[in-house]
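Participant: Residues per chain are reported as follows:
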Amino acid sequence: MQTIDMSTTPLREVNVALQAQAAQTNQTQWVIENPRGAHAIAVGLDAPIEVTVKGSTGYYCAGMNKQATVHVTGSAGPGVAENMMSGTVIIDGDASQYAGATGHGGLLVIKGNASSRCGISMKGIDIVVHGNIGHMSAFMAQSGNLVVLGDAGDALGDSLYEARLFVRGSVKSLGSDCIEKEMRPEHIEILKDLLERAGADAKPEEFKRYGSARTLYNFHVDHAGAY
Amino acid sequence: MCGIVGLFLKKEDLRPRLGEMLTDMLITMTDRGPDSAGIAIYGDEAGGLKMTVQSDTPETAFAGLDTALEAALGQKIAMKVIDTHAVLTLPEGTEAAARAFLAEKGLRVMGAGAAMEIFKETGLPKDVAARFGIRAMGGSHGIGHTRMATESAVTTLGAHPFSTGDDQCLVHNGSLSNHNQMRRVLTEKGFAPLTQNDTEVAACYISSRLAEGANLGEALEGTLQDLDGFFTFVVGTKNGFGVVRDPIACKPAVMAETDDYVAFGSEYRAFANLPGIDTARVWEPEPATVYFWER
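From first to last, the protein sequence lines stand for chains A and B.
Using my numbering, you'd call the opening residue of the first sequence number 90 and step up by one each time.
Using my numbering, you'd call the opening residue of the second sequence number 4 and step up by one each time.
Derived from the structure by calculation, the hints contain no laboratory data.
A hint or two may mislead.
[What the hints assert, rightly or not] Calculated cross-link-like contacts (lysine-lysine; reagent style PhoX-like; alpha-carbon spacing at most 25 Å):
(1) K254(B) x K261(A)
(2) K297(A) x K212(A)
(3) K254(B) x K200(A)
(4) K83(B) x K254(B)
(5) K200(A) x K212(A)
(6) K143(A) x K155(A)
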């Protein structure tokens, strides 16, 4: 196991070391100590390594992640796992604004709460939040799954494309063109798998599914005069 | 951008360390605001009104100021000069006469109160904190700000915190869009801002509401109805400490609470040196939600 202490190693060296790991590396276990809320920790990784960050992180932790598993034992600042491509990011505490924004793939697990704009413009990432999410979450979300065990804030799924949103608790309000949809067997299967992988103790049947009404972005002949 | 830090102690034993803790927090927020920095610190009450004044030419402006002011007021005062600022301790009932005297001398009053002292200048936070010796100051609570100017010039008067009432101060991250309209409303009420800065309008708003009898929570609640724009405000009063974010809540904010203190930071980094932070309750304040503590 490799240990890097951020009280003595500059951020850039930390990221260079992690980014240098090749797909066949035998140094698969990394521990980052004393993150002290620093920004951009463990960004741009592209190897099947496991990185444990012992403490809380600032902006953009694990951004652009590919293949790696990044586990933050504290809370994460804004933009955690932004534009993730694959791999897994786990936050034991809370995540600040726009967690998982624009993510293309992989799994983001937030064991606490996520604040506003969680999963904004998500493009294939799966996000599981054990707690609540804030307002404007999944705004313009294109694909992927957002699973919330707690409650969702205002304007959930505003201007949504084809992402699936699953919420167990209450939804303060739905955004434009976001509606509740029928939970079909295939959704139960997707949800069951995600809950298992996220270590979440919840039954798929307890959730409601929300998605796009598909009225906002389709051309409608009645509106031809507006163009 | 801007950075905000705040610390409200719940127990007496940390009082001597307040300045040290706030200074570390402030310097950590340098990246968010390298233009100017300021701190309002609620220290020991001196048995009178503490008035913090500022001058760009302190050597000449503060030389003999205490004796001249004593002569004008006909009463003893105390003066403590710290760099470009001087803290005058005035006997009760002399505030108006003192303000008139200081205005005539071209001195700027940064703030006044039984407990509060305010120090702010342009420059890097570490330099500003060192010039005023903030690290050595004790107290019950304090609020600091690192500024990246957007709405008005980089000047001492444009730096935060703003104080527009005795023992009241406010810092702001964001920008207000209806501050000119509010400036007219507040001026009619007798709470005219002195600068063109949007944040001072918010400070005057809080002062006007407190003067009308609102408590700190109600005054902060009022900002959500009456002020338009982006804001995270942190407000200090003689006994209180409050936080409110606008409903959109784009401006970052994080809070930490232990049995010993409540802390506010624009980023978690600001908390890294606080005692017991690893076991503190850390959370992001909700949008359009007022948080306040009073002792």
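Participant: The structure should be examined with respect to each hint, and the outcome stated for every one.
Facilitator: Hints and how they fare:
1. For the given pair, K254(B) sits about 22 Å from K261(A) by alpha-carbon distance, which is consistent with the 25 Å threshold.
2. With a CA separation close to 21 Å, the supplied pair K297(A) and K212(A) stays within the 25 Å bound.
3. Proximity of K254(B) to K200(A) is assessed by CA-CA distance (about 23 Å); at most 25 Å being required, the pair is judged to hold.
4. The suggested pairing of K83(B) with K254(B) is violated, with an alpha-carbon distance near 37 Å, which exceeds 25 Å.
5. Restraint check for K200(A) and K212(A): satisfied, since their Cα atoms lie roughly 22 Å apart, inside the 25 Å limit.
6. Restraint check for K143(A) and K155(A): satisfied, since their Cα atoms lie roughly 21 Å apart, inside the 25 Å limit.
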